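J.: Since the structure of chain A is already known, use the hints to place chain B on it.
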Amino acid sequence: MLNNNEKPLLKVENLHVHFKTEDGIIKAVNGVSFELYPGETLAIVGESGSGKTVTALSTIRLLDENGWIEEGKIQYKDNDVLSLSDNQLRKIRGKEISMIFQEPMTALNPVFTIGDQIIESLELHLDMNKQEARRKAIDLLRKVGIPEPERRIDQYPHELSGGMRQRAMIAMALSCNPSILIADEPTTALDVTIQAQILELMKDLQKEFQMSIIFITHDLGVVAEMADRAIVMYGGEVVEAADIITIFKKPRHPYTWGLMNSIPRIDKDEERLLSIPGVVPNPLNFPKGCKFSNRCFFADEKCVEENPNLEEIEENHFSRCWHIDRMLREMHKVKEGER
Amino acid sequence: MTTYIIRRLLLLPLIILGVTLIVFSMSQLLGPLKLLSTYVDPNTYAKMSERDIQILMKQYGLTDPFPVRYGKWVKNLLKGDLGWSVVGKEPVLDALIHRFPYTIELALYALFPIIGVGIWLGVTAAVHHNSFIDQFIRIFALIGWSLPDFVWAILVLLIFYIGLGWFPPGNLSIWANQIVKSASFKNYTHLLTIDALLNGRIDIFWDALRHIIGPVIAISWLWWANLLRITRSSMLEVLRKDYVRTARSKGLPEKVVINKHARKNALIPVVTTAGQMVIGLLTGVVIVEMVFVRTGLGSFAATAAQQLDYASIMGVLLFTSLLLIIGNLIIDISYAIIDPRIRLG
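Top to bottom, those sequences are chains A and B. With the first sequence counted from 1, adding 417 to any position gets you our numbering. With the second sequence counted from 1, adding 190 to any position gets you our numbering.
One chain only, chain A, in its complex shape (with noise of 0.2 Å):
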């Protein structure tokens, strides 16, 4: 799973992206550092406006016109991301690092059929002829699950269902052997049941294609069925970040607690589910200290007055919090409770 000696095949430092709004300038991404290392799933949850998604944009730079990459350091394999030039930087999306996203009907081009979109990336990267490219394209769509896919290939998008469509769309992205996929909610406007099937294949995928992963989600669940690792991103910060199996079990910052105890969960007979009160505030005004402290059980005047730094707290382990001990106090109470 996670192996240090490696090198890491993406390394993202003190990023910070920032957004030109009528409003004023948001600034979304504040400060984000993660390493990506061959053929690991890295998880980053945050509820929507945390800066999740556009953390994984700027990874290719893909941000909207508004947006810019305002500090930072992308280091993807030997290359310095945020130098490269355009032409460069096209060799690399889509080939090297290829994205899916939410929405399969919104994410797939209504007057193009799943053919040309694949084909076309085929062409582009591979050199491929026609027929090469559109035999490989029926193969990919074979391997995504599409039964039928010699006729599926000249479908357009409304013709198939949305799950059918992120095959499709995850066929499209791996078609050029990718070294990372950024996955974008993939499964979130999918049925349950279907969901399930795609993150099932999703994992079959990875192992084949020997890809890493970048899972962006808001669900626990799926990261808990995905992840090797997880960083939590609260206000464009990071608040904390560890192994999978650390952040579930012994969870150190009170927005990931606040996580868990969304999650319902069968084995245990509780009342009601706790949920974090309030919502993510708007970017514009933040709390001045620490981000999550109008919403945090814990906060004080502390809290309010300074924002606390990203400690590692353990090996590997790293969390933003000036009341790690009185939450393990709560959590050991809450533990007592239950027994």
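Derived by calculation from the structure, the hints in this document are not laboratory data. Given the structure is predicted, the values throughout are model-derived calculations rather than measurements. Some hints here could point you the wrong way.
Here are the computed lysine-lysine pairs in the DSBU-like style, where the Cα-Cα straight-line distance is at most 30 Å [unchecked claim]:
hint : chain 1 : residue 1 : chain 2 : residue 2
1    : A       : 437       : B       : 454
2    : A       : 553       : B       : 450
3    : B       : 431       : A       : 620
4    : A       : 560       : B       : 431
5    : A       : 444       : B       : 431
6    : B       : 445       : A       : 553
7    : B       : 450       : A       : 437
8    : B       : 431       : A       : 437
9    : B       : 248       : A       : 547
10   : A       : 553       : A       : 490
11   : A       : 444       : A       : 620
Simulated DEER-style distance windows between Cβ atoms [as the list claims (entries may be wrong)]:
hint : chain 1 : residue 1 : chain 2 : residue 2 : range
12   : B       : 355       : A       : 439       : 48 to 54 Å
13   : A       : 481       : B       : 449       : 17 to 23 Å
14   : B       : 216       : A       : 481       : 53 to 59 Å
By construction, the Cβ of each residue, glycine as well, lies at the ideal position given by its N, Cα and C atoms.
T.: Just chain B, lined up with the frame of chain A:
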């Protein structure tokens, strides 16, 4: 797709029947005496007595009940008899047939520059959203949109004919007109520029072209504004779509992203406007034809209206309605060609 077209074609006669009913009903609002003028030169009955006029009316069936008159009128329509055109001094149908080619020719020359430039400007404005280029194009559109066509047409005449002497009004110069009217000049298509080339008369071709450029400029600005505004807003909307981001995430060059993935989607609403424009060009560039003293459907309709030539007005109305119906059918079919969701839905 085929069933869709067949369904639309089956509806066609019904719609046309409706149109004839409306046109005929409207004409009946005129009162029987005015209607008589569509059959008989008003001078012939101007000095007749009331009784003689009544006899004359009876003779033409004007005293019959409405359904009977409508039935007769439709029967005549089917035979191609639309009445006598006072303005054209020939049967209405012949008058329409003789004038329509001039309108077609003007439309043909206006069509391509308008659509090409209009879409290009719209896409450019959207791609350079909020930049100087965008602002410039938007101001250009705003002026074209607000400038009344009779003002702009006169300005064109003023600048390019009176000022520069490049593009004169009319259809042809007098010398060229004489040649065209002569027996040795063969009318293959009735489109002046094309017939001139087919007759091997480059000089007449240039003369006809020179006469057509002014009106084209006069028509273009408004439609450029119209098309580019639709294209721009549609393109802006499409550029924000997820599939455009998907296309970029695949590593496609920006040119392909815009010209292939975005533009094909953005053009779907543009087809309607472009189609309406074609219909508009074919059915009545009335003011431009009047200002440039051109023969054509528009100037024919205007003259007929001025002289209360009811048969001609009804003829033009019927003819343009037909064009409109067929034009809309073509727009709908081209929708289906562009958008697979309509074609297969």
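J.: All hints are to be evaluated individually against the structure, with a verdict given for each.
T.: Hints versus structure:
For the given pair, residue 437(A) sits about 29 Å from residue 454(B) by alpha-carbon distance, which is consistent with the 30 Å threshold. With a CA separation close to 23 Å, the supplied pair residue 553(A) and residue 450(B) stays within the 30 Å bound. Distance restraint check for residue 431(B) and residue 620(A): the Cα-Cα separation of roughly 29 Å lies within the 30 Å cut-off, and the hinted pair is therefore satisfied. Straight-line distance between C-alpha atoms of residue 560(A) and residue 431(B) comes to about 28 Å, which keeps the hinted pair within the 30 Å bound.
For the proposed pair residue 444(A) and residue 431(B), the alpha carbon gap of about 23 Å is at most 30 Å, so the pair holds. Proximity of residue 445(B) to residue 553(A) is assessed by CA-CA distance (about 26 Å); at most 30 Å being required, the pair is judged to hold. At most 30 Å may separate the alpha-carbon atoms for a hinted pair to count; residue 450(B) and residue 437(A) meet this at roughly 28 Å. Simply put, residue 431(B) and residue 437(A) have alpha-carbon atoms about 19 Å apart, close enough for the 30 Å limit, and the pair holds.
This hinted pair does not check out: residue 248(B) and residue 547(A) have alpha carbons roughly 75 Å apart, beyond 30 Å. A C-alpha spacing of about 36 Å is found between residue 553(A) and residue 490(A), which places the hinted pair above 30 Å, so the restraint is violated. Between the alpha carbons of residue 444(A) and residue 620(A) the distance comes to roughly 34 Å, so the proposed pair goes past 30 Å and is violated. For the pair residue 355(B) and residue 439(A), the supplied restraint of 48 to 54 Å holds, since their beta-carbon distance comes to about 52 Å.
For residue 481(A) and residue 449(B), the hinted distance range of 17 to 23 Å is satisfied, since their beta carbons lie about 20 Å from each other. A hinted range of 53 to 59 Å holds for the C-beta pair residue 216(B) and residue 481(A), which are about 54 Å apart.
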